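Undergrad: Chains as they are written, first to last, in the working numbering: chain A, 1 to 270; chain B, 1 to 947.
Treat the hints as calculated values from the structure; they're not laboratory data.
Please read all numbers here as calculations on a predicted model, not as lab measurements.
Worth double-checking, as some hints may not be accurate.
Said to hold, decoys possible - Reference excerpt, derived from the structure (chain B facing chain A, CB under 8 Å, subset only):
id : residue
1  : Lys154
2  : Asp156
3  : Ile159
4  : Gln162
5  : Ala163
6  : Met170
7  : Val171
8  : Ala173
9  : Gln174
10 : Gly175
11 : Ser177
12 : Arg233
13 : Ser234
14 : Val235
Just so you know, even glycine gets a beta-carbon here, dropped at the ideal spot from N, CA and C.
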Amino acid sequence: MIRISGITKKFNSGSIDEVEALKEIDLLIDRHEFVTLIGTNGSGKSTLLNMVAGNILPDQGSIEIDGRVVTNQKEYRRAAYVSRVFQNPYLGTAPGMTIAENLLMAYYRGKSRYPRISLTKSLQELFKDKLSILEMGLEERLNQIVGTLSGGQRQAITLLMAVLQSPSVLLLDEHTAALDPKTANQVIRLTQKFVSEGKLTTLMITHSMKQALEMGDRTIMMHHGRIIEDIPATEKKRLTVEDLLAKFEDIRKREKLTPELVKSLRGLYL
Amino acid sequence: MDLWIGALNLGFLYAFMAVGTFITYKIYSFPDITIDGTFTLGAAVASILIVDGWDPFLVLPVAFAVGSMAGFVTGFIHTRFKIEGLLAGILVMTALYSVNLHVMGKSNVPLLNSTTFVTVIDAFNPGINPELWCAFFLTLTMLLFWMAISGFLKTDIGITMQATGNNPVMVSAQGVSVNAVKIFGIALANGFVGVSGALVAQYQGFADIGMGIGSIIFSLAAVIIGEAIIRRRSVFLKILGVILGSVIFRMAVAFALRLGMNPNDLKIITAIFVLVTIITTNAFGKNESGPVTKFLRRHRRWVVSGAVGVLLAIAAYLVYQSVSQGAVSAKRIRIGMILANQSSLMTNTRNGFYEEMHKLGYRNGENCDIIELNAEGDIPTNKTMVDHLLSMDVDILVPISTASTQAVISKVKDKPVVFATVADPFVIGAGTNDTSHMPNVTGVYGSAPSRELLEIFTTMYPGPRTIGTIYNPAYPNTKVNLNHFLDALKYFPNIKLEEVAVSGTNEVNQAAQALSSKDICAFVLINDLTVFNSLESVVKVSRQRKIPIFTNDAERLADGVLLVYGYEYYVSGLQAAHLVDRILKGENPSKIPFEKFKLTTYGINYDVAKQLGITFPESIKKAAEAKVINGKLTKPDYVLPGEIRLAKPARVALFQINSNSMIGLTVEGFMEKLKKDGVTDLGMLTLKHFDAHGDYITGQTIAKSIQTDDFDYIVTFSTVAMQMVANSNKTIPHVFCAVTDPVRAGVAKSLTDHQANLTGLATPQPVEATIALMRKLMPKAKRIGMVWNTGEINSEICTEKARVACRKYGFELVEKTITNLNDLEDAVASLRYPGIDIFYISGDVMISQTIPTLAKKMTSWNVPFFTNTSDDINSGTFLSLGADYFEVGQKAAALFEQVLLGASPKAIPIESYVPMALTVNLLLAKKLKINIPDSVINKAKIIIPRR
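This is chain A alone, in the form it adopts within the complex:
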């Protein structure tokens, strides 16, 4: 469960470049709910995701995860129950380390690490089992350096690392955007598999309308730091990509009109 109440965030506060990225956002995501998040460029969706992850702290408002107030908690502390996959497939893994060592980092997510050697045979077997789910043959390459793998393979590993310890919240930040279509499909399939099997509370940003509609229980549209549409599962089923695009078109029109309208109103009444 994620409860976001009255979140506001300004960047470059007080300067000419001041940007109000989020404006009093209220959002409740239920336990086990899978929410897809779409929005125009600069709409604030990434800021919102980072706010949940703890990368960015809000100016106002509060964030609650599973009943805990985490508003000002640091990212690495939140990581105990929030895990994420980045858009950049190279950000989620340490390239100079082996697959096993990377998985070990995820295995102890949010736990203390001691000077003991945990990477034993039994743990390696566990990792092999998990890797075999990816169906990429990586289970036989446990000691291979991650830097030598393809972007798709690395993103798959990152996804596996994110769900290895069943997080309370899974954050996906356009995690297939940088992959070729075939690999992207593979990763999307894996995502659906992990989310449904783990019943994970998930927030996924996507640029693909198709993904937004096909995946998840609910779709949220953002524009100019505000949530402008909240489409529940029932409505989602009826919507097509064209409908969604039409909604965006609406926004564009409104955008265009607004300043002119203000002008004409002024002309009429002043």
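Use these hints to put chain B onto chain A, whose structure you have.
TA: Coordinates of chain B only, in the frame set by chain A:
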């Protein structure tokens, strides 16, 4: 052998530090400069605790802990305040410098008589070479350390550290505090560096404030070499590479020394070595490309066979060298000398040593080998140099400076050691007093005579006074000197001291400014390298604020200080040579007491006094031996009291071009002085006299033959004789005299900066005295006529002096210039009509040829004719005032004795010496109606010309 094992051991000890750098540089990707300070910190803490009686192994965890704390601070400010790692390291390193000084309480803590890990290990030595025994243990330690650290990097924390360096974003997303892991890693790394410092201090037998300088460069080199030779990903192999890199680096230094390379070049050789290692390993690696690597790969066979060839050649050379050395060492004495750095303190000592050894009959390269090494300020290098000297099987070691002496005496127990220029051999553990000391060690020492200097100060400035001093507490010896100074100050309750400590030359000016605003009456500077390297900045303040400088450093008298009282370090080397001689002749060093420096110089600078408006009391004027007047430094002779005895025969060539009365007198005076001092009666001196009888070509031949005929010394009389010899002789000590101007003659740039193997006397014409005498004899005279040749610089100088003197004595100088003798007649004739009262020729060689003619003319004009060459009176001149060449000869002999007794001609400034001799023609005086007072007649040597 010891050289290589010593290098191996040092490599092992420094490997702890290199591993620390591996963690920061390879894992976290920033070179942590903190280690320059941490290394010293570990050494300082360990040394202080060991001196306090702690177990040498128990101090290692403490060194680790303090090192970690330093690393923690760096890590904290790096992460918490987002300061770049490099800058954070620099900040902490800088701060540690002060911390380390506080920990040690002085700049150097000796462990010579303390229990160190080396002595503990040695207690179990079954009788093998101690260095090898130590290497055995260190190898085991290294194996353990290697396993431990590699194993640690395999643990969860180790993997987290590596992942943090590799991808902090990912690690943070996995719930790891990147900052905490970074701080932990930096602290761990610095812990190892602290241990490394603690071990190295124990191994080399002392901790020194400067021992950490350059650690980062060494560590990076070790890591890079290690990476280049072992290009594998396994952590175990990576760490092994770092340890090997550290050893290889130390080996390379030892190797360069072994090849006899100049230590100055070590750093560039290191750089090239690292570069070549990287390039060649890249070439044979799989995934590199580029023109160089392609070339190397294509010609792999040639490259490999070339490298093998070079290695074989080096091996052959080493074998040849050791064989030939073995053969030679049977008959030649080997003396190993170590200097800590290139400061004048060191080099003056060395020069004194060389000269005295030569005098004592030790010919470097003939009957003995003096192997001179210079650590160039790098403290661990001293240790490597000792090993190197031992590997060359030297018979005796001569360390110059405290740092070098420490390195030598901590290692050498079975060979004689003679140290020199050490401020206090007792603090470094060489002994408890002059007669009770390490059985194989003796030497020459002394700290600055502060009390005497302060006594002189109170003579000049009685009553309550404040003085200011500046020093760098980090320099070896400075702290000792300061303590002596503070002790001495207790005898002077009237003097209040203001002190400012600096840590670099760039702070000295500010320190002097600060002191000058505290109403001090003088700067009293103790011997301190930092301050003396930037003495100019104190002198500047001294001039601005009219505050005089007093110092113990006798060598800086001419550099703007008012008064010096201190030792000549030259004498330290001289004395050390005598000690070496005694030991080589069979005396036991344990029976030879330590000697204090025997000669002090008491010097005053009249120029500075004038600038600052100070007059010296008569007592000081009288007592001072060295003086600076009008930029000219006169120093006392370097003759040790009661030491005029020559241990070995010497052959001396005396050379003159012609035998006129002037030269004859000089030679006479020279010989008489030698005889009077008993030098010729020693039966050791063979004097051979050469006279070219005015023939230039013969002179050239003689000059050549002197240089090839195995003479030990050459003495020349006259400018031409000097030039003929000096031109080609740059090695045999050469004393000249009867020379007008050695600077113009090309053998010197100034009186102090001259050709290294020669010194002598300059005897310029006494122009001013002559004109003063003219005034005295002819109070009503107005005009002096002078003719001079513009082509002669010496004539120009005389004329310039004459112009000044004429103004002073109220004469009008009428100058006529010529460029050849054809014009002389007209020039002289033109003086007739304005009318002149006196005719004067001084030091003009061309015109002097015509003196008889000129004299005739002046007599007919009834004009008195003055010159500066005493012999001219026999050619008809009226009066001559010139040098007494008999005295010049005597003075030259005194100078020659200094050289004979071992002083380096280089260190002896050329002296300008003009003992006046007056000749006057009384017959002419009568004719010219000039009344000559008795006071002048009494001084005159020739009164009536022979003819």
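Undergrad: It remains to establish, for every hint, whether it holds in the given structure.
TA: Okay, the hints, checked on the actual structure:
Against a cut-off of 8 Å between C-beta atoms, the interface hint on B:Lys154 holds, since the closest Cβ of chain A lies about 6 Å away. Checking B:Asp156 against chain A by beta carbon gives a least distance of about 4 Å; that is within 8 Å, so the hint holds. Interface restraint check for B:Ile159: the shortest CB-CB distance to chain A comes to about 5 Å, inside 8 Å, so the restraint holds. This hint holds: B:Gln162 has a C-beta 6 Å from the nearest C-beta of chain A, less than the 8 Å allowed.
Using the Cβ-Cβ criterion of 8 Å, the hint placing B:Ala163 at the interface with chain A is satisfied: the shortest such distance is roughly 4 Å. With 8 Å as the threshold, the beta carbon of B:Met170 comes within range of chain A, its nearest partner Cβ sitting at about 6 Å, so the hint holds. With 8 Å as the threshold, the beta carbon of B:Val171 comes within range of chain A, its nearest partner Cβ sitting at about 7 Å, so the hint holds. Nearest Cβ of chain A to the Cβ of B:Ala173: about 6 Å, under the 8 Å cut. The hint holds.
Given hint, B:Gln174 at the interface with chain A, holds; its Cβ is 5 Å from that chain's nearest Cβ, closer than 8 Å. A cut of 8 Å between beta carbons decides the hint on B:Gly175: the least distance to chain A is about 3 Å, and the hint holds. Residue-level restraint check for B:Ser177 holds (minimum Cβ-Cβ distance to chain A is 5 Å; threshold 8 Å). Here the hint on B:Arg233 is kept, as its CB sits about 7 Å from the closest CB of chain A, short of 8 Å.
Restraint check, B:Ser234 versus chain A: the minimum CB separation of about 10 Å is more than 8 Å; hint violated. Nearest Cβ of chain A to the Cβ of B:Val235: about 11 Å, over the 8 Å cut. The hint is violated.
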